[in-house]
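If you count the sequence shown from 1, position 57 lands on 56 in numbering that gives the first Met the number 0, and the numbers rise without skipping.
Please note that a few of the clues may not be correct.
[Claimed, not checked] Simulated restraints, written as ranges between beta carbons of each label pair:
| id | residue 1 | residue 2 | range |
| --- | --- | --- | --- |
| 1 | Glu150 | His107 | 17 to 23 Å |
| 2 | Ala48 | Thr17 | 20 to 26 Å |
| 3 | Thr163 | Ala26 | 38 to 44 Å |
| 4 | Thr140 | Asp33 | 44 to 50 Å |
| 5 | Ala69 | Thr170 | 15 to 21 Å |
| 6 | Arg174 | Ala69 | 17 to 23 Å |
| 7 | Tyr86 | Thr140 | 23 to 29 Å |
Derived by calculation from the structure, the hints in this document are not laboratory data. Predicted, not measured: the structure shown is a model, and the values here were computed from it. For each residue, glycine too, the CB sits at the ideal point set by N, CA and C.
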Amino acid sequence: MTPTRTRALDAAIDLVGTEGLRSLTHARVDERADLPKGTTSNYFRTRAALLTGTVDAIVEREMSEVGVLAPSSADDLVDALCRLIDYTTVANRTVTAARLVLFLEASHDPALREVLARGRTAMEASAVSAFHRLGARDPQTAATAVMACAEGVILHRIARWDTTDPRPTFTLVVRAALN
Numbered sequence: 000m001t002p003t004r005t006r007a008l009d010a011a012i013d014l015v016g017t018e019g020l021r022s023l024t025h026a027r028v029d030e031r032a033d034l035p036k037g038t039t040s041n042y043f044r045t046r047a048a049l050l051t052g053t054v055d056a057i058v059e060r061e062m063s064e065v066g067v068l069a070p071s072s073a074d075d076l077v078d079a080l081c082r083l084i085d086y087t088t089v090a091n092r093t094v095t096a097a098r099l100v101l102f103l104e105a106s107h108d109p110a111l112r113e114v115l116a117r118g119r120t121a122m123e124a125s126a127v128s129a130f131h132r133l134g135a136r137d138p139q140t141a142a143t144a145v146m147a148c149a150e151g152v153i154l155h156r157i158a159r160w161d162t163t164d165p166r167p168t169f170t171l172v173v174r175a176a177l178n
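With the hints as extra help, turn the sequences into a complete structure.
Listed below in structure tokens is the structure:
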């Protein structure tokens with residue numbers, strides 16, 4: 000990605016994550032990124048293209064920063080899940096808030112839904128692999144359950160500023176999946 004395009008996407012993510020979807024306009028992105036007027040529209044001709052580009056950038060960023068789950072025990076997996084929750088809701092809070100805003104927008108935008116689904120599929124594949132490695136009888140169902148829990152915890156941490164410790168929830172789900 001060119002540095003200018005990256006600056007525009009970083010600004011778009013920041014706008015959506017801090018001010019909501021209505022703030023996402025080409026002009027506001029140019030302003031937030033300190034780019035000359037019209038720069039963002041050179042990269043993303045329509046608002047739909049800007050939305051899709053923003054989602055792509057979030058998925059790419061999250062996947063490269065989160066990595067692959069590779070636990071050697073149930074406790075390692077719980078620790079990794081708790082670190083993931085902390086990362087997504089503290090250090091990466093604005094990006095996560097933007098992803099959640101765009102997640103809701105995707106309910107009536109098939110293009111966004113497809114891009115978001117790619118990111119979730121990659122994360123779920125990592126969880127399936129982790130549960131397989133740990134000997135779960137049904138790694139797919141275990142991964143689906145832990146992903147649902149993680150998504151719920153993340154949503155509540157972002158929307159409600161809930162700081163409840165996720166460890167008991169993940170311990171319960173991981174242990175149930177492995178028994």
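Structure-based check of each hint:
Distance hint check: the CB atoms of Glu150 and His107 are about 19 Å apart, consistent with the given range 17 to 23 Å. The given range of 20 to 26 Å is respected by Ala48 and Thr17, whose C-beta atoms sit roughly 22 Å from each other. Checked against the hint of 38 to 44 Å, the pair Thr163 and Ala26 passes, with Cβ atoms roughly 40 Å apart. The hinted range of 44 to 50 Å is satisfied by Thr140 and Asp33, whose Cβ atoms lie roughly 48 Å apart.
The supplied range of 15 to 21 Å is met by Ala69 and Thr170, whose beta-carbon atoms lie about 19 Å from each other. The given range of 17 to 23 Å is respected by Arg174 and Ala69, whose C-beta atoms sit roughly 19 Å from each other. About 25 Å separates the C-beta atoms of Tyr86 and Thr140, a value consistent with the hinted range of 23 to 29 Å.
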